[in-house]
Structures are given as structure tokens and as C-alpha cells.
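Trainee: With the hints as extra help, turn the sequences into a complete structure.
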Amino acid sequence: MSWFFLISINIVAISVAYLFQRLAMKKEESDPVLSTIIFQFLLGCVTIPFAVTQGFSWPNWAELWPYFLFSTTLYALGSIMFFKSIKLIEASEMTILGGLGAIVAVLCAYIFLQERLVIQQYFGALLVILSIMLVQYRKQKFVFSKGAILALIATSLFAFGTISDMLIIKTYDAVSYAGLMSLFPGLMLCLMYPKKVKELPKAIKIIDRNLVIYGLIYSVGVITFYMALAKGAMLSQVSVISKTNIILTVILAAIFIRERDHLWRKVVAALICMVGVILVA
Numbered sequence: 005m006s007w008f009f010l011i012s013i014n015i016v017a018i019s020v021a022y023l024f025q026r027l028a029m030k031k032e033e034s035d036p037v038l039s040t041i042i043f044q045f046l047l048g049c050v051t052i053p054f055a056v057t058q059g060f061s062w063p064n065w066a067e068l069w070p071y072f073l074f075s076t077t078l079y080a081l082g083s084i085m086f087f088k089s090i091k092l093i094e095a096s097e098m099t100i101l102g103g104l105g106a107i108v109a110v111l112c113a114y115i116f117l118q119e120r121l122v123i124q125q126y127f128g129a130l131l132v133i134l135s136i137m138l139v140q141y142r143k144q145k146f147v148f149s150k151g152a153i154l155a156l157i158a159t160s161l162f163a164f165g166t167i168s169d170m171l172i173i174k175t176y177d178a179v180s181y182a183g184l185m186s187l188f189p190g191l192m193l194c195l196m197y198p199k200k201v202k203e204l205p206k207a208i209k210i211i212d213r214n215l216v217i218y219g220l221i222y223s224v225g226v227i228t229f230y231m232a233l234a235k236g237a238m239l240s241q242v243s244v245i246s247k248t249n250i251i252l253t254v255i256l257a258a259i260f261i262r263e264r265d266h267l268w269r270k271v272v273a274a275l276i277c278m279v280g281v282i283l284v285a
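Okay, so the sequence shown: first residue is 5 according to the working numbering, each after it adds one.
Because the hints were derived from the structure by calculation, they are not lab data.
Just so you know, even glycine gets a beta-carbon here, dropped at the ideal spot from N, CA and C.
Listed next, the in silico DSSO-like pairs over lysine-lysine satisfying Cα-Cα at most 30 Å (straight line): (1) Lys-206 / Lys-91; (2) Lys-88 / Lys-30; (3) Lys-91 / Lys-31; (4) Lys-150 / Lys-200; (5) Lys-91 / Lys-199; (6) Lys-206 / Lys-150; (7) Lys-202 / Lys-31.
Pairwise CB distance ranges, derived in the manner of DEER restraints: (8) Lys-31 / Ile-255: 20 to 28 Å; (9) Ser-149 / Tyr-126: 22 to 30 Å; (10) Pro-198 / Cys-49: 18 to 26 Å; (11) Leu-171 / Leu-195: 17 to 25 Å; (12) Tyr-126 / Met-5: 32 to 40 Å; (13) Val-122 / Leu-267: 32 to 40 Å; (14) Arg-262 / Lys-235: 36 to 44 Å; (15) Met-5 / Lys-199: 42 to 50 Å; (16) Ile-157 / Leu-73: 18 to 26 Å; (17) Arg-120 / Lys-200: 41 to 49 Å; (18) Asp-265 / Lys-202: 34 to 42 Å; (19) Tyr-126 / Trp-65: 38 to 46 Å.
Mentor: Spelled out as C-alpha cells, the structure:
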């Protein structure tokens with residue numbers, strides 16, 4: 005199975021997963037913190053057994069523990085913010101706002117990895133910012149809601165996490181890393197929210213099926229992403245190609261969960277964002 009086929013599965017899986025995340029979180033009674041913890045454990049329950057079948061190995065903790073701690077913290081905080089965000093805004097809007105992560109990732113690579121920036125990346129960054137402004141345009145002014153701000157912060161945290169990922173998988177198996185990094189953020193959130201841990205048994209008994217479906221489908225996206233890397237794909241390649249999920253999510257959200265307000269503006273913003281992300285990366 006080629007890495008391109010794997011990343012194609014990733015694109016569809018992540019786009020579909022976002023729809024179920026939105027369906028689960030838009031309910032008034034949904035708890036973002038509990039939902040995030042349950043989601044991370046669901047993710048771990050799928051990705052770790054898969055990693056075992058692929059020859060799971062433990063990392064060199066003496067060398068890599070600072071990077072694991074850094075990534076775990078970023079993904080834990082980022083996941084919480086994404087769940088809080090999608091409770092307040094549409095899946096299509098959140099996906100477009102996620103384009104900011106590409107800019108942050110490239111800036112991090114420039115600062116910490118000494119990667120060069122070229123003129124097309126500056127132009128791409130402007131396009132991403134334009135798409136964000138376009139999707140936030142309301143009644144002749146730009147309005148950044150709480151949900152939008154949370155999404156922008158979350159995608160920035162995930163971008164920092166991606167840089168840490170790059171450093172880890174230089175010396176550690178990508179699929180094994182995917183399994184551990186699916187579980188660790190959930191464990192950290194349990195430490196951060198001990199009172200919520202007491203509510204977990206009750207929450208699991210009445211778990212929303214949309215959240216379960218989201219976790220299962222998203223795990224397919226995670227596995228195929230890291231399998232593509234293990235097959236020899238460059239992180240820059242898969243990161244760019246995977247961003248086609250921006251326009252796919254907007255289209256699927258309009259068709260299946262009726263996110264049709266300002267649809268043409270969102271489609272245009274998604275296309276601009278996708279082009280911008282490709283240029284940035």
C-alpha cells in the first residue's frame with residue numbers, strides 16, 4: 005500500500021470525523037473536558053493494539069522524554085480547546101481556521117530547525133490570513149468569536165506539537181509513536197482535571213455514539229498518517245496533501261449536517277486557505 009493511498013484515506017477519515025465531533029459537541033449537555041478525555045482513550049484503544057501488530061517498540065526515554073512531555077502537553081491543551089471550539093462554531097469554520105497551523109509550523113521550523121523561508125511561503129501566509137478574515141466576516145465587520153479564538157490557539161498548539169513530532173520520529177518508530185501519543189494526552193488531562201476523572205464512569209455509561217464514531221474514524225486518520233511517514237513519505241509532503249481536507253470538510257458539512265450559512269463564502273475561504281497552506285508548506 006503506497007503512502008499516497010494511505011494519506012488519501014487520512015484525508016477522508018479526518019474530514020468525516022470532524023462531522024461526528026460537531027454532532028457530539030453541539031448538544032447542550034456535552035462536556036468538552038470529559039469528551040476530550042474519553043476521545044483520547046478511545047484513540048489509544050485503537051492505535052496501540054495496531055502499533056503492537058506492526059512491531060511496537062519503546063522509545064529511548066533517557067533521550068526523548070523532554071520531547072514526549074512537550075508534545076503530550078501541547079496535544080492535551082490543544083485537544084481541549086478544539087473540543088470547546090467545535091461546541092461553539094461549525095466544523096467547516098473550525099477547519100478553515102485550522103489553516104493557521106501551517107503558518108505557525110513553518111515559523112517554528114524556521115526558528116528552531118533553521119529551515120529557510122522563501123517568497124512563496126510569505127504569499128501563502130497572506131492567503132491563509134485572508135481566508136481566516138473572510139470566514140470571520142459578519143455584517144460588514146470582522147468578528148472573532150470565542151470559538152474562533154479557541155480554534156486558532158488550538159491549531160497553533162498542534163503546530164508546535166508537529167515540530168516536536170519531527171524531532172521524535174527521526175529516531176523512533178512513527179507507528180509506535182502514534183499509539184503512545186494517542187494515549188498520553190488523555191492521561192495528562194486526568195492529572196489536570198482530577199474532579200472530572202470521578203465523573204468518567206458515569207459519562208462512559210451514557211457516552212454519545214457520535215463521540216465513539218468520531219474516535220474510531222479519527223483513529224483511522226491517525227494510523228494512516230503515521231503509516232504514510234513510515235512508508236517513506238516526507239512530513240512536508242503528507243502535511244500539504246492532507247490539507248485538502250479543508251475543502252472536503254466544508255462540502256461534507258454542507259451536505260450531511262446542513263452547515264449552509266454563508267456557504268459560498270466558506271467554500272471560497274476554504275479554497276484560498278488550501279492554496280495558502282500548500283504554498284506555506
